[in-house]
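Engineer: Now for the letters of each chain:
4 protein chains.
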Amino acid sequence: MIQMSLVQIDNYGPWTVDPAPKREADIQILQSSFYADVQHQFSSRDGLAFATRFDNILAISNGIDKDAHRRIQQSLQARYPFTLSIGVGTGRTALEAQEEATRHIHQAGSAQSSRTAVVEGTFLDSGRVDIGHFDIDDATGTITDVLSAYDAYLAVKRAYLILAQGLRELGATAFFVGGDNIIAPVNGVDRKDICALLTRLKEHEDVPLKVGFGTGSNAHEADLAAKHELEHIRSLNGAARDAASCRHQV
Amino acid sequence: MIQMSLVQIDNYGPWTVDPAPKREADIQILQSSFYADVQHQFSSRDGLAFATRFDNILAISNGIDKDAHRRIQQSLQARYPFTLSIGVGTGRTALEAQEEATRHIHQAGSAQSSRTAVVEGTFLDSGRVDIGHFDIDDATGTITDVLSAYDAYLAVKRAYLILAQGLRELGATAFFVGGDNIIAPVNGVDRKDICALLTRLKEHEDVPLKVGFGTGSNAHEADLAAKHELEHIRSLNGAARDAASCRHQV
Amino acid sequence: MIQMSLVQIDNYGPWTVDPAPKREADIQILQSSFYADVQHQFSSRDGLAFATRFDNILAISNGIDKDAHRRIQQSLQARYPFTLSIGVGTGRTALEAQEEATRHIHQAGSAQSSRTAVVEGTFLDSGRVDIGHFDIDDATGTITDVLSAYDAYLAVKRAYLILAQGLRELGATAFFVGGDNIIAPVNGVDRKDICALLTRLKEHEDVPLKVGFGTGSNAHEADLAAKHELEHIRSLNGAARDAASCRHQV
Amino acid sequence: MIQMSLVQIDNYGPWTVDPAPKREADIQILQSSFYADVQHQFSSRDGLAFATRFDNILAISNGIDKDAHRRIQQSLQARYPFTLSIGVGTGRTALEAQEEATRHIHQAGSAQSSRTAVVEGTFLDSGRVDIGHFDIDDATGTITDVLSAYDAYLAVKRAYLILAQGLRELGATAFFVGGDNIIAPVNGVDRKDICALLTRLKEHEDVPLKVGFGTGSNAHEADLAAKHELEHIRSLNGAARDAASCRHQV
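Protein sequence lines, in the order shown, are assigned to chains A, B, C and D.
Going by the numbering used here, 259 is the number at position 205 of the first sequence; the sequence numbering is gapless.
Going by the numbering used here, 160 is the number at position 106 of the second sequence; the sequence numbering is gapless.
Going by the numbering used here, 138 is the number at position 84 of the third sequence; the sequence numbering is gapless.
Going by the numbering used here, 118 is the number at position 64 of the fourth sequence; the sequence numbering is gapless.
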């Protein structure tokens, strides 16, 4: 079972244009500082937050109880010119968990309403986190050093979206985390199905991905294990790499 | 003519796994702090930076000369555990400008090489910036308050990618800036073509976007003007809105 | 018993002038970001850090064990262009605790040496924190709104230094935390002695301070209780305030 | 002539305890982030800000006009849960300049009032900045590596206060900037008087300081020149150092 939290800024859209549209650069600095702050709060408790839309942030939060969420909410709110709400849900898959987290937020009111500073949710006593950490094969050699920066960006974003849409059908969520890296909480999903997906993406979409898997009692442990496996795969060469890599296990 | 800058962290990939994979949360805080810092540097000089892949950041930099770029580079480098390089280019379109910016970086060496702290480029004496500031029609009512947070994220990312791919064929770049907002430097692109693209996206992809346009001698002025136009469109209702909005001008 | 941690940047002085003196503004942004980051790390574990000299930061760390300190060290190190060491000590008073914390650092090597990334110390299984939270009586009316900003700053710094020197003789440390506020871990010190000190400072130094006391199993709880008591004193008027305030209890 | 700016948070004291005292760690992170942000704003325009009391920040602002100050004010305000006001003054000495800056703030209303977002001041068309950059002789060998961290902190703070009080009589302000470094805008002050002061402080207060001087059209240039001179003095040994150093020029 995985636990996920949705951090949503209250009434953010109207704030960005009240009384007149704010400078975009100020909004960008605010949003990225806010995400860094949210990440600080969750990661010091072994969770892991994903920026997604910046005014909506999703986090894997196994091991973080309601009191801690209330405190995260208060600590953030004390430093920003807006309030925020947090919904928490649990599920067999990350998809289910974040659906429940969202439901708690929806029930408390619209994103553009007088809803203020709600913390509601369902929490796990224990549980575990399964993570797949993906990257693009030789992204430096085939994308970063070859394409223009913008085309490289679009290529990575396209790869992300295709992977995310494929994983979603399996019940997994996936988050772009910079460079050519994608982190997917894959609780409740058969790894063989993920490997089969990677094979399809390579053959039909020309998107060559590899993945390391990791498991732990929290997001930090699971992702670190996944990254170590991914490093191991990178360290192999030729046939050994192909044999080890998920791409060809199927 | 538009001027664009590419900020690329030197040898970043290897750093993230040396001597072992670093905690993902630390990397995320680092990346978002770095982007906020880059934005501070460009925006105090009326530029505007876009996070893109976080290890590669693109900025509209009209009015920022080589000395200022060198100083931005030094100031950032003094605060981070890595060096960074900046390439600058100019063009009739944003696509051309960032291609030239990338070329300067590519010529200086691979993203994973011993290249260190390069600042190279071509600079404009004057010039202007044309911006289209897009958002999704009633995103709160049709996406944020209705879908799960993850599906809302995917819906917005899909809308972004489809718009970006369409604009790219016209010579424009587009950047997701959070929420349901997309900023596109549209120098050298006919606005009628953009409106026609929006009509197509609505009819064939079910992606209902609207856009405000703005022009200025730098990114800040252009985007602020575009946001004011977008606010004006939002303030209209019914038929007046349809008449004003780009969606139906074609 | 109180536990205190000393965070010291390794070989910082030489770094600030290598290969040439860095821009002071860059150093200032780096130092204040570093302190905010250290505070994030300790406070999410209910500790409390004080900026002091910025390259040396002291924190009350009851309840934070060696593993957590190692992780704080690693997390900070991953985001800065220098390494850092942490020494931890315990004592009947804060003075003793920080002396032991410093001893661990001194034994590991000079502040300007090849010492790198040391985490050494003595840790408490349990313990408690006693805090006195001080401010200057009517600082707004007598200092901020009356003196020039610089003279107000000197007046507050002088008040701080006199209080700190007086408390030091009692075994307490004191930290300026902005505005006209001073936080002192006062474990092992008789409150009557502190009140007598305040009386002396008012009569002989013209420094009128008041204080709220608080106790808890960690720094956060203790300081919050102290601030509530200070607020209670502020809320009283005239004779009731004089009777409640430490200044006149002796 | 020097220009100085006073940034004062509006009605900050009441905010920190409304509706109840906020967590001190949250306040500390907020204050140090705010100072870093203010420094970003001034330094990208070649000014230099000093943290002082954190709710009151003084900056050397030669070359930064009223429009830029208004924009600094708006940019900061957009990212914090409070408003702020800025007063700007000019003078033959830094002391006079900040007095005038404070006067503009005082005239606009109390620090704890309904005053909101005021930007008022007097501005220089040109001007110059004279800086003395001080440090303590062999602070590592005599303080940091020898005393406990807290006693080292008090020793440095005492040295700062004594120097600041001495400089104030000469018309100069001085700001502690971390480690054992002090930056003093010394416009209009005879350097011989400063050297005589250093001799007195060494002989009568056992505070051994050295200083490098620099001059420029803005704070950045002046301080960098001062730091280079200070580095030059550090690089000398024995008699050459004594001859070069301000301590013995008198």
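Please note that the accuracy of each hint is not assured.
Which copy is meant is left open, because identical chains are indistinguishable; a pair holds if it fits in one copy or across any two.
Unchecked claim - Taking lysine-lysine pairs in the DSS-like style, the calculated list, with each CA pair at most 30 Å apart, reads:
no.	residue 1	residue 2
1	Lys120	Lys76
2	Lys246	Lys256
3	Lys256	Lys120
4	Lys246	Lys76
Just so you know, the hints here were simulated from the structure itself, not pulled from any lab data.
Engineer: Evaluate each hint against the coordinates.
Structural biologist: Hint by hint, here is what the structure shows:
1. Lys120 to Lys76: Only across copies: lysine 120 and lysine 76 sit 20 Å apart there, 34 Å inside one copy, limit 30 Å.
2. Lys246 to Lys256: within (15 Å within a copy, 37 Å between copies)
3. Lys256 to Lys120: neither (42 Å within a copy, 42 Å between copies)
4. Lys246 to Lys76: between (48 Å within a copy, 27 Å between copies)
Figure legend: structure checked against the earlier numbered hints; the only hint not met is number 3.
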